[in-house]
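Participant: Sequence:
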Amino acid sequence: MRTRTRVLGWTTLLLAALAAGCSPSDSDGNPDVRRDDGGTGEVVDDDGGGGGDADVTSDEPGAEDFVTPEIPDITPEVCDEADFDIARVIPDMLIVLDRSNSMFDDGYWNPARDAIYAVTGAMDFEIWFGLMIFPNVTGSAVCSGLSNQCEPGHEPVVPVAEGNAINILDSLGSMVTCGGTPIAVTLQNARAYLDTLAADDHPKFVLLVTDGAPNCNDALDGSSCTCTNPLGGCILNPGNCLDDARTISIIDDMRLAGLQVFVMGIGTSAWMGTLDAMASAGGTGMAFLAEDTAAIRTTFEEIAGSVATCEFDMHSPDPSADPNLVNFYFDDVVVPGDTDGTCDNGWSWMDAEHTRVQFCGAYCDSIMTHTVTDISATWGCPTIFG
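If you count the sequence shown from 1, position 167 lands on 167 in my numbering, and the numbers rise without skipping.
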């Protein structure tokens, strides 16, 4: 384990000792003296008397000499800093992508895929991505026949993992569009899958990308429901009914389980009320709207950028270690600790147990832009504050 030794305050102590030794004593009774011989060393009384025993030279026995101060033994205050392990908090993000026929018909399919390629490629090691699609026929990039039009996504076509950009590109490259918008059951299955990843202790997010509103619920009443098909036909096919209540209920359960759900609508201004309610239930406020193909990539970037963190977990020492003896370094330069609770530039604790820290301001920027190459932490010396 690498250690650092820091010496604290010894220079100040030494200078103080020297100053004390050079000061004349108030108890020795010596008169004030001045040199009056042009540098010959003769010492003359201040009262102007030139004779008598008062006149002596500095090199004669009994001369008044400056006393060399006695330097006390000084033990510098030192502390040993031992490195300890920290790890960046990496979020899991499962992209749940709508591949219904309207995504192709309205010209959104290829721009959506290109945006996914770009964002996952750029943030491959800051976020662990996975991909789930709907409607989906397990093990096939193609769905055909009426029986598959409302088949939900059952499991990821690319499981969540580090460095997944190439796998996602390979999977989406052969994918074609088909079918309806079975969002509710797909999200239910997404939640079941993410529950299996609880052990990785990563924050978990779902990014739902759709150009429509949830449907594919044959249990709804086609004569009274809100129909998602602009041509109508819900009486004959209740699968086109708006399935908002069930979808929002499932998202509510996901949020209670610790998942957050982002909703990205592509050209879906007509359904923004429903999508906003879904995003609100998922804990992310309002849905993100990409009204045209040019906005798809920037919207993806905005959402992904909002979950990438400048947070780090403390792996050791344990939470009982003194939090006032911790320091962090970027490329061996100390990062100042926060003093007022705002953390506008430096670092601060994120929890009362002192197990997670966040870096802020320019320090977070350097993490996000990869301009810092080594982030280290030490324990043992007083925290340096900004």
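By construction, these hints were calculated from the structure, which means they are not laboratory data.
Note that the structure is predicted; figures quoted are calculated from it, not measured.
Quick reminder that beta carbons are idealized off the backbone N, C-alpha and C, glycines included.
Some clues are possibly wrong.
To be verified - FRET-style restraints, in silico, Cβ to Cβ:
1. E301 x N345: 21 to 29 Å
2. D200 x D114: 45 to 53 Å
3. D195 x G233: 35 to 43 Å
4. D221 x A270: 43 to 51 Å
5. N110 x L325: 53 to 61 Å
6. V333 x A270: 51 to 59 Å
7. M350 x S249: 26 to 34 Å
8. L256 x I384: 39 to 47 Å
9. A245 x I384: 52 to 60 Å
10. L169 x M368: 22 to 30 Å
Participant: Now look at each hint and say whether the structure bears it out.
Facilitator: Against the structure, the hints come out as follows:
For E301 paired with N345, a C-beta distance near 24 Å keeps the hint of 21 to 29 Å intact. Checked against the hint of 45 to 53 Å, the C-beta distance between D200 and D114 comes to roughly 29 Å, which is inconsistent with it. A hinted range of 35 to 43 Å for the beta carbons of D195 and G233 is consistent with their spacing of about 37 Å. The supplied range of 43 to 51 Å is broken by D221 and A270, whose beta-carbon atoms lie about 22 Å from each other.
Checked against the given bound of 53 to 61 Å, the beta carbons of N110 and L325, roughly 55 Å apart, stay inside it. Hint check: V333 to A270, Cβ distance near 53 Å, so the stated range 51 to 59 Å holds. Against the hinted window of 26 to 34 Å, the Cβ-Cβ separation of M350 and S249 comes to about 32 Å, which satisfies the hint. Roughly 41 Å separates the CB atoms of L256 and I384, a value that falls within the hinted 39 to 47 Å.
The hint said 52 to 60 Å for the Cβ distance between A245 and I384, and at roughly 55 Å that hint holds. In this structure, L169 and M368 meet the distance hint of 22 to 30 Å, their C-beta atoms being roughly 23 Å apart.
The structure does not agree with the numbered hints 2 and 4 stated previously, though it agrees with the rest.
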